[in-house]
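**Q** Now for the letters of each chain:
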Amino acid sequence: MKSRLVVTPNRCIGCRTCELACSFNHAIDGKPGRSRIFVMGGGFKDLWVPVTCLQCDDAACVKSCLVGALRRNEETGAIELNQDKCVKCMACTAACPFGCSIYDSGQDQVVKCDLCGGDPACARFCPTKALEYKPIAQVKPAQVKVKAVG
Amino acid sequence: MVHLTINGQVVQANDGEMLLDVIKRMGIDIPAICQHDAVEPFGSCRLCTVEITKADWDGWKNYVTSCLYPVADGLIVNTHSETVNEIRKTLLDLYLARHPNSLFVRKLAAEHGVTKTSYEEIPDGDDCILCGLCTRICERMGFSAISTVGRGHSKEVAPPLKEAPPDCVGCLACAQCCPTGHIKFSEEGASRSIWGKQFEKIACSKCGKLTITKEFADSLSETRNIPREYFDVCDDCRRKEIALTMGRLAQWSREEETV
Ligand code: SF4
Ligand code: SF4
Ligand code: SF4
Ligand code: FES
Chain A
84 MKSRLVVTPN RCIGCRTCEL ACSFNHAIDG KPGRSRIFVM GGGFKDLWVP
134 VTCLQCDDAA CVKSCLVGAL RRNEETGAIE LNQDKCVKCM ACTAACPFGC
184 SIYDSGQDQV VKCDLCGGDP ACARFCPTKA LEYKPIAQVK PAQVKVKAVG
Chain B
-15 MVHLTINGQV VQANDGEMLL DVIKRMGIDI PAICQHDAVE PFGSCRLCTV
35 EITKADWDGW KNYVTSCLYP VADGLIVNTH SETVNEIRKT LLDLYLARHP
85 NSLFVRKLAA EHGVTKTSYE EIPDGDDCIL CGLCTRICER MGFSAISTVG
135 RGHSKEVAPP LKEAPPDCVG CLACAQCCPT GHIKFSEEGA SRSIWGKQFE
185 KIACSKCGKL TITKEFADSL SETRNIPREY FDVCDDCRRK EIALTMGRLA
235 QWSREEETV
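Quick mapping for you: the protein sequence lines, in order, are chains A and B. Going letter by letter, the first sequence gives residues 84 to 233 in the numbering used here. Going letter by letter, the second sequence gives residues -15 to 243 in the numbering used here.
Among the hints, a few may not be true.
Sample of chain B residues at the chain A side, in silico, Cβ under 10 Å [said to hold, decoys possible]: (1) M10; (2) D13; (3) A22; (4) K139; (5) V217; (6) A234.
Keeping only pairs whose Cα atoms sit at most 20 Å apart, straight-line, the calculated DMTMM-like set for lysine to aspartate or glutamate is [stated by the list, open to error]: (7) A:K146 / B:E206; (8) A:K171 / B:E171; (9) B:K185 / B:D216; (10) B:K190 / B:D220; (11) B:K8 / A:D141; (12) A:K146 / B:E123; (13) A:K146 / B:D216; (14) A:K128 / B:E241; (15) A:K171 / B:D202; (16) B:K91 / B:E105; (17) A:K171 / B:D151; (18) A:K85 / A:D167; (19) B:K181 / B:D202; (20) B:K181 / B:D151.
Stretch by stretch, here's where chain A covers chain B in the computed footprint (C-beta under 8 Å, at least three residues) [as the list claims (entries may be wrong)]: (21) 52 to 60; (22) 104 to 116; (23) 123 to 129; (24) 166 to 172.
The set of hints was computed from the structure by calculation and includes no laboratory data. Note that the Cβ used here is the ideal one computed from N, Cα and C, for glycine as well.
Next comes chain A alone, as it looks inside the complex (with noise of 0.2 Å):
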């Protein structure tokens, strides 16, 4: 793994421009997908929170899926959901302690955050850089290590 998706939620100025290119990105014969991020309220006034999967090293989807369907690219450092192994048991989407394995109805799928591969879409349409996908030695040590810690 070579980079990671940091998020920075004073960046964030609600404009949602990470869910919609989220979901074109991942659009089945131009079907819109549903967003695997979301942009949330943070509580505070003008504060928003962009929430989306945290790749986590002991990852509860991963533990939760009882076919294999979900697995890490090594590469990326995602982890992937196969559609072709899914059975759609839900239980991915249960068992997230961050609510980011969901369900797409438009598209009758589970699905969640796949680092778009490498080049994750949500972080380069961002235009404050609320949303960065960094080299890992850029990255603060606070932000690399992630636990499912509910």
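Chain A is fixed; fit chain B with the ligands onto it per the hints.
**A** Chain B with the ligands only, in chain A's frame:
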């Protein structure tokens, strides 16, 4: 790495891969209805049959189920030869006789030019083509709640003794994967019923949204070592919670900056 020819095109494949994997990757459409990547290939529907030969086979040809046939160097494959198409039609003709009421079978047969069976119909035939995908998937999930019982015409998929299966957790994976939609379940409010067993879904402790069944959550928590509390709050409320937690940290660093 091996090299083979599929429908006249030379392709590379990995050792140990099955022919069907390569055929699918090339975007060639052949029916393969008893196959699902969550489980090992089984070879029961036979619709994925293809024609194979090699340059040194003296024109001799063989017909194999591609889901079970490993790739090999120099293999020459035809997915839609005249004979292959005939084999598929014959199979679908038989399926149509056995399952005249199945919309899935009728559609698939029609797509291959079979609209009427030439055999004797079983008028009350059900939708189950006995591909065993449901039982294999349930077994893969670690539950083995259902199995194929009986023989010949009375063969069917059912829980043991045809009673509510004690090991079923109501995950619906079997129903989701059944190619013909034979497995029925019903949902009413928080309750779900499948294979004659009743389940109650978890209602999110914050908003009440219904998620997976309690039995499934208990099992996952136990066998996969996931804290059971994870399953008490739904995904929507989880995201709200994490936003508020991160929001507090962000607000705190904002205040730091201004003093
Ligand atoms: S919904 Fe799919 S990816 Fe999620 S746990 Fe079930 S099989 Fe695995
Ligand atoms: S719903 Fe029951 S029978 Fe079907 S896959 Fe899940 S545990 Fe097995
Ligand atoms: S119920 Fe469906 S999945 Fe199970 S054997 Fe029958 S057709 Fe296959
Ligand atoms: S998919 Fe190969 S026999 Fe059914």
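**Q** Does each hint hold? Answer for all of them.
**A** Results of checking the hints against the structure:
1. M10: violated (15 Å)
2. D13: violated (15 Å)
3. A22: holds (4 Å)
4. K139: With a closest approach of 24 Å, the K139 (chain B) hint is violated.
5. V217: holds (8 Å)
6. A234: holds (4 Å)
7. A:K146 / B:E206: This hinted pair holds, its Cα atoms lying about 11 Å apart.
8. A:K171 / B:E171: holds (16 Å)
9. B:K185 / B:D216: holds (11 Å)
10. B:K190 / B:D220: The hint holds at about 10 Å.
11. B:K8 / A:D141: violated (33 Å)
12. A:K146 / B:E123: holds (17 Å)
13. A:K146 / B:D216: holds (17 Å)
14. A:K128 / B:E241: holds (16 Å)
15. A:K171 / B:D202: Holds: K171 (chain A) and D202 (chain B) sit about 18 Å apart, inside 20 Å.
16. B:K91 / B:E105: Holds, because 17 Å separates the two Cα atoms, which is no more than 20 Å.
17. A:K171 / B:D151: OK: K171 (chain A) and D151 (chain B) at ~19 Å, within 20 Å.
18. A:K85 / A:D167: violated (27 Å)
19. B:K181 / B:D202: Roughly 17 Å separates the two Cα atoms, so the pair holds.
20. B:K181 / B:D151: OK: K181 (chain B) and D151 (chain B) at ~10 Å, within 20 Å.
21. 52 to 60: violated (count 0)
22. 104 to 116: Per the Cβ count (0), the hint is violated.
23. 123 to 129: holds (count 3)
24. 166 to 172: The restraint on the region 166 to 172 of chain B is violated, since only 0 of its residues have a Cβ under 8 Å from chain A and three are required.
The structure fails to meet hints 1, 2, 4, 11, 18, 21, 22, 24 from the earlier list, while all remaining hints are met.
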